Amino acid sequence: MNRIKQLFETKKNILSIYYTAGYPNLGDTIQIAEALEKSGADMLEIGFPYSDPVADGPVIQASSKQSLDQGMTLKLLFEQLKDLRKNVTIPVLLMGYVNPVLQFGVENFCKACAEVDVDGCIVPDLPMVEYEEFYKGCFEEHNLSNVFLITPQTADERIQKIDGLTNGFIYLLSSSATTGKNLEVGNTTETYFSRIKNMNLKNPTMIGFGISDKQTFDKACAYANGAIIGTAFVKAIADGNLEESVSNFMKKFK
Amino acid sequence: MKYKVNEKGYYGDFGGAYIPEMLYPNVEELRQNYLKIIADPDFQKEFHQLLKDYVGRPSPLYLAKRYSERYGANIFLKREDLNHTGAHKINNTIGQILLAEKLGKKRIIAETGAGQHGVATATVCALRNLECVIYMGEVDIERQAPNVARMKMLGAKVVPASSGSKTLKDATNEAMRDWINNPVDTHYIIGSVVGPHPYPDMVAIFQSIISEETKKQLLEQTGSDQPDYVLACVGGGSNAMGMFYHFMDDENVKLIAVEAAGKGVSSGFSAATTYLGKEGVLHGSRSILMQTPDGQVVEPHSVSAGLDYPGIGPQHAHLFKTGRGKYVSITDEESLEAGLLCTKLEGIIPAIESAHALAYLEKMEFKGGENVVICLSGRGDKDLDTYIKYFNL
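Same order as they appear, the protein sequences are chains A and B.
The opening position of the first sequence corresponds to residue 1302 in the numbering used here, with each subsequent residue numbered one higher.
The opening position of the second sequence corresponds to residue 12 in the numbering used here, with each subsequent residue numbered one higher.
Possibly wrong hints are sitting among the right ones.
35 Å max Cα-Cα, derived DSBU-like pairs, lysine-lysine [to be verified]:
1. B:K374 <-> B:K15
2. A:K1503 <-> B:K19
3. A:K1462 <-> B:K177
4. B:K76 <-> B:K117
If you want the footprint, here are the derived chain B segments under chain A, 3+ residues with CB under 8 Å [said to hold, decoys possible]:
5. 75-85
6. 217-229
7. 288-298
8. 383-396
The hints are simulated quantities; they were obtained by calculation from the structure and are not laboratory data.
Keep in mind that this is a model prediction, so the values were computed, not measured.
By construction, the Cβ of each residue, glycine as well, lies at the ideal position given by its N, Cα and C atoms.
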């Protein structure tokens, strides 16, 4: 069974961590994954960097640039991920923009994901219509979940369509914003989260963007199956001992 | 109509809307409304009134006598340089600001490279009293100081883009990020025929006034509305698309698009996208772009800030791939020499962008008597420093 599905069936308040592959050092990708599982992360999103990440704020942009400058490519990432399943058992998704995937080749990309035993992908700038027509078959053939994003501005009808098209979880953006903004749960956000909750979607939901500490994590968990932390984590591992930084960061959520 | 956009937002293999969900409602709102709004008689009336009284259209189609003698063909210059603000960019910003008003938007954002589109946007924002924020690469802010001053004087806030190469591509990224963070009240005026559908089509429609006028003027001056050649420079490609638009279906009219070779196509300092690029996705559409084998966007180079862009609009990619358009390139040096030649022969100082198109005349062979139209997309005032430095004037 797909690890993502299994996770959502057995656990509540899921904590998923995003980090950029090849950052802070090119060879850190696997070490971070292992340290995160050891200190209690439930799921991982490993970002493959892109030169023009329009949906991201300054922190993830900077980590992407550093990783690329150090020589990260999709090809290298898949080589690094050959060791992923030696010690990592939790679900792992790859997250990045569509152009590197296109150049790698969609078929090759899906195959490579399956070979390193990755469970799914998040490609924010891959449109739903394109996915349905050209990607879905290949993703499903390799047992990959494709996760879509929704925002407070996404219409109900579109959310239903996304729910029908995906089989992992739905990524709920707390507001329409680039990554790294703070979560403020005001009345409008609450109305939006409740609206989604009441739609009784077939897929579980994870809230992302703006989650940085225990308080914002708990708030998010009241409305969804869990939450995703990216920017705050990337910031926390910028320097110092990697194992320690990861474990100190994760302690905040215990 | 075989070169126009289809109902899915594609030109052959190119186009589409490769955007994160955060931009979907904005882009979808535009897609559903732009054709309806543009077709509205009130919109058309106001648009054309402003083009006439404010921009100064129609721009002349000028038979350049000394050029014609030199090349042995009838060389016509479409004088977009005579527009208010000095380039073709204003045709699009007038159209988009009226459209933004119809959509009830209160705040305008735009990206700019050389500053021409930024000035054209700040101008229409002043005209219509709308808040204006312009994103501009840090490097470009330094090398285009007079245009930065113009924008500020017009009331715009100029925000430096300090990520990546700090030029046009990064200014575009920053503008997209602003739009993501301001999803309701803001309209993004993209300055070229790039971006997610419907932008390439919308900008092309607003710029198509160039070829619409040219056809009428040619008919009056030559007795035929079909020239032998039409030339224009291409960065993202908005003046070229405006110049080609009404000639695309006239298959006997040869379309020539001139890209910036920079220091030479193989020098590593070039913006010759069709020569160096591959198919891929940048800024929301599938097109041709300069990139590494891993799909990372490569920094372009051109002496002309307006052509310093690593991609081309999807419709250009389609014209290139189908062979309908011929895509060539001109180096920094060739363009500067052509700029000086135009000044000496015709008394017109062209923008270095436009000088790329003029420079290609040197490489063409004419039997004699052909009619050739070149889009003189902008004037060279903004480029004086570059000309002065190069020629030690």
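Against the structure, the hints come out as follows:
1. The suggested pairing of K374 of chain B with K15 of chain B holds, with an alpha-carbon distance near 30 Å, which does not exceed 35 Å.
2. As the CA atoms of K1503 of chain A and K19 of chain B are separated by approximately 29 Å, the hinted pair is consistent with the 35 Å bound.
3. Restraint check for K1462 of chain A and K177 of chain B: not satisfied, since their Cα atoms lie roughly 38 Å apart, outside the 35 Å limit.
4. Simply put, K76 of chain B and K117 of chain B have alpha-carbon atoms about 47 Å apart, too far for the 35 Å limit, and the pair is violated.
5. Residues of the region 75-85 of chain B lying with their CB closer than 8 Å to a CB of chain A number 0, which falls below the three-residue condition for coverage.
6. For the region 217-229 of chain B, the assignment as covered by chain A is violated, since 0 residues bring a beta-carbon within under 8 Å of that chain's beta-carbons and 3 are needed.
7. Requiring three or more residues with a Cβ within less than 8 Å of a Cβ of chain A, the coverage given for the region 288-298 of chain B holds, as 7 such residues are present.
8. Only residues whose C-beta sits within less than 8 Å of a C-beta in chain A count toward coverage, and the region 383-396 of chain B has 0 of them, not enough to reach three; the restraint is violated.
Violated hints for the displayed structure, listed by number in ascending order: 3, 4, 5, 6, 8.
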